[in-house]
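Those protein sequences? They're chains A and B, same order as listed. Numbering-wise, the working numbering comes out as the position in the first sequence, counting from 1, plus 13. Numbering-wise, the working numbering comes out as the position in the second sequence, counting from 1, plus 36.
No lab work stands behind these hints, which were simulated from the structure alone.
Using 30 Å as the maximum straight-line C-alpha spacing, the simulated DSS-like pairs for lysine-lysine come out as follows:
id : chain 1 : residue 1 : chain 2 : residue 2
1  : B       : Lys190    : B       : Lys148
2  : A       : Lys309    : A       : Lys244
3  : A       : Lys346    : B       : Lys90
4  : B       : Lys67     : B       : Lys302
5  : A       : Lys188    : A       : Lys145
6  : B       : Lys90     : B       : Lys148
7  : B       : Lys67     : A       : Lys346
8  : A       : Lys346    : B       : Lys302
9  : A       : Lys240    : A       : Lys309
Quick caveat, the model's predicted, so the values are computed rather than measured.
Each chain is listed here by its residues.
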Amino acid sequence: MNEQQQLMASVTRRILSDHCSTELLDQAEQGQYPEALWTLLEEQGLTTLGGFEALGGGGGDFCDVLVVLREAGRYALPLPLAETLLGVSVLSALGVALSDGPLVMASGQFSLDADQRLVGRGARIRFGRDAKTLLVVAERDDQTVLCPVLASQVEIEPGVNLAGEPSDAVVIDQKIETSNQIVLSGEGLQAIEMRGAAMRSVMMAGALEEALSLTVGYALERSQFGKPIAKFQAVQQQLAVFATQVAASTRAAETLMVTQPLNLMDVAIAKARIGEAAGLSAEIAHQVHGAIGYTKDHRLNHLTRRLWSWRDEFGHEGYWQEHLGRELLADTKTELWQQITAMG
Amino acid sequence: MFQGMNFAPAQLPPELARVREEVRDFLNQEKDWVPNSDFNAGACPDFSKRFAAKGWIGMTWPKAYGGGERSFLERYVVTEELLAAGAPVGCHWIADRQSGPLLLRFGTEAQKAQFLPEIAAGNHFYSIGMSEPDTGSDLASIRTSAVAVEGGWKLNGSKIWTSNAHLNHYLVALVRTSPPSEQRHAGMSQFIVPLQAEGVTIRGIENLAGEQDFNQIFFDDVFIPDDHVVGEPGNGWAQVMSELAYERSGPERFLSAFRVLVEFGKSIAPNPTEAQTRLYGQMVAHLVVLRRMSISIASLLEAGEMPDNEAALIKDLGNNYERWVPEMIRLQQPDEVSEGFAQALNDCVLHAPSFTLRGGTREILRGMIARGLGLR
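Take these sequences, add in the hints, and give me the full structure.
Below is the structure:
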């Protein structure tokens with residue numbers, strides 16, 4: 014990471030460590046949207062990061078976005094920052110001026126009919142209810158188009174993911190100006206998926222680092238049989254395994270933070286590898302924390318439930334493993350070792 | 037990341053593509069072996085000699101000692117190419133990776149001048165003398181000892197699990213030169229023991245695969261001249277510890293099963309099932325991340341750092357990967373497989389138990405990682 018990225022990470026971390034408390038996480042889960050924290054992030058320019066300045070963006074590139082989102086993951090930020098920054102990157106790539114945030118991408122069964130009516134329903138739209146603008150992906154004849162829609166004009170059926178974050182169904186039936194129908198290429202669609210997967214990867218890496226730190230802290234604090242449980246080899250060995258998974262995740266995530274432009278193979282590797290680490294690590298984190306970590310009151314669950322959600326979002330491990338395997342196997346002219354060294 | 041662990045992204049400089057191509061060309065011309073990516077699987081003195089002639093043994097050492105003054109990352113490229121091609125590297129591997137750098141760091145001027153050029157020329161091969169019949173993970177409990185005599189030391193005791201001692205020229209042995217005291221790690225020294233010396237007996241031990249690549253060595257009043265003591269007498273423990281980052285962080289800690297993966301890929305490529313494709317992708321994802329972590333450590337070594345904890349971590353992660361690959365592939369192999377596939381898989385299953393033992397057991401490594409986490 015370069016100096017500017019380190020600075021951005023530390024600014025984000027400072028804001029979140031001051032404001033993203035367990036209490037705030039609990040309240041957010043009970044439906045109190047942390048508006049003030051969003052405003053703080055907005056004031057720091059973090060909610061438009063990666064967007065072209067000429068289009069109303071905050072500048073910076075997608076690597077910077079990932080650097081900030083790792084911190085969001087570390088603090089289990091209960092706000093649609095990743096969703097918004099994904100929207101910012103999509104609009105910016107299309108050369109479209111940024112709409113008011115929070116921005117949330119919405120895909121599902123949406124289509125535009127001959128009368129320019131956008132009709133359909135999309136399920137499991139993360140933070141759908143908190144969006145100001147929805148970026149709806151819809152089919153129009155044999156094209157895919159992106160339509161910015163004011164969230165106040167759609168119907169929301171509330172739901173939640175494993176982490177208790179909003180995961181809503183969105184129902185739309187409204188006329189869309191042709192100027193608000195932006196054609197997406199196949200490449201553009203793939204870029205959206207790739208960026209989404211990269212975002213979840215670094216968020217998981219941040220959450221994993223934090224979960225390890227919480228678990229190590231707990232093991233040193235908690236005494237049984239007259240000594241901290243950290244002194245038992247059985248516990249040490251488990252935490253060492255946890256650390257290996259976190260180290261691998263961090264390395265896979267940081268590749269994405271220093272590689273410009275993002276490429277699909279690195280993202281596939283990161284999402285598959287970190288998703289795997291998430292399951293294994295969450296298991297150890299809970300085992301070491303014992304019953305207290307299984308309570309809703311403890312901060313750990315805000316991290317582990319997100320890990321369990323994020324590993325499935327934008328393609329689970331199997332999806333990306335298959336993608337990676339298929340790409341590698343299809344190129345029968347290049348030996349595996351050459352393929353691996355070419356990835357760097 | 038967490039405290040004391042550093043895997044900051046590092047990349048191999050693009051100019052190293054050339055040495056990679058040179059090594060690939062060389063290996064393609066040489067290739068007359070059954071490929072096996074386990075660094076311990078094949079030993080061929082003639083191959084090592086020809087390899088040395090290319091300047092690829094001791095390539096980071098000063099030219100004055102037969103080295104090439106090339107970077108540690110360049111060496112990284114050469115070693116990973118050797119392993120990926122499954123070349124018989126067993127003869128020179130230890131001397132190049134470990135014994136040479138040890139002498140370079142702690143040896144006297146005379147030792148460096150005497151021993152290093154012979155290693156770099158592929159003339160002399162080395163073994164590691166750490167374990168003993170009663171000493172495995174608890175290295176400080178060694179009993180092989182030496183007493184000072186006129187002009188040197190008289191060595192008695194035994195070392196075990198010494199790979200290729202029957203083919204090699206020297207053993208770098210950790211021995212007690214003072215009786216055990218309160219300070220467990222004091223009183224040890226490292227000797228360069230010529231394996232042809234009088235009083236040295238080498239007895240082969242058959243491993244479960246039926247091979248005799250490792251040995252027990254007995255020392256019966258073996259005279260070791262003073263100029264064969266590495267560094268300061270009594271400093272043996274610190275010296276041995278300084279070898280660990282080199283010993284544990286390299287590509288040999290995660291590539292041992294690589295040929296199995298290659299054969300699997302070849303066998304499924306024409307018509308892979310979804311499960312096979314996923315498994316292949318999963319195993320490559322792990323491998324790419326391990327390699328990137330290992331390159332991060334190589335960059336730290338190049339910068340003169342001693343990343344012991346990182347090295348322990350990657351060894352544990354890499355060794356577990358090596359053990360897991362054949363187990364998973366076994367269950368996804370096609371009904372009809374080539375001879376090459378069957379052989380690679382069988383070889384790997386038979387040798388896999390050694391992966392998580394050699395160079396520090398899984399349990400010891402995890403203990404080190406736990407210390408790095410502040411738990412001990």
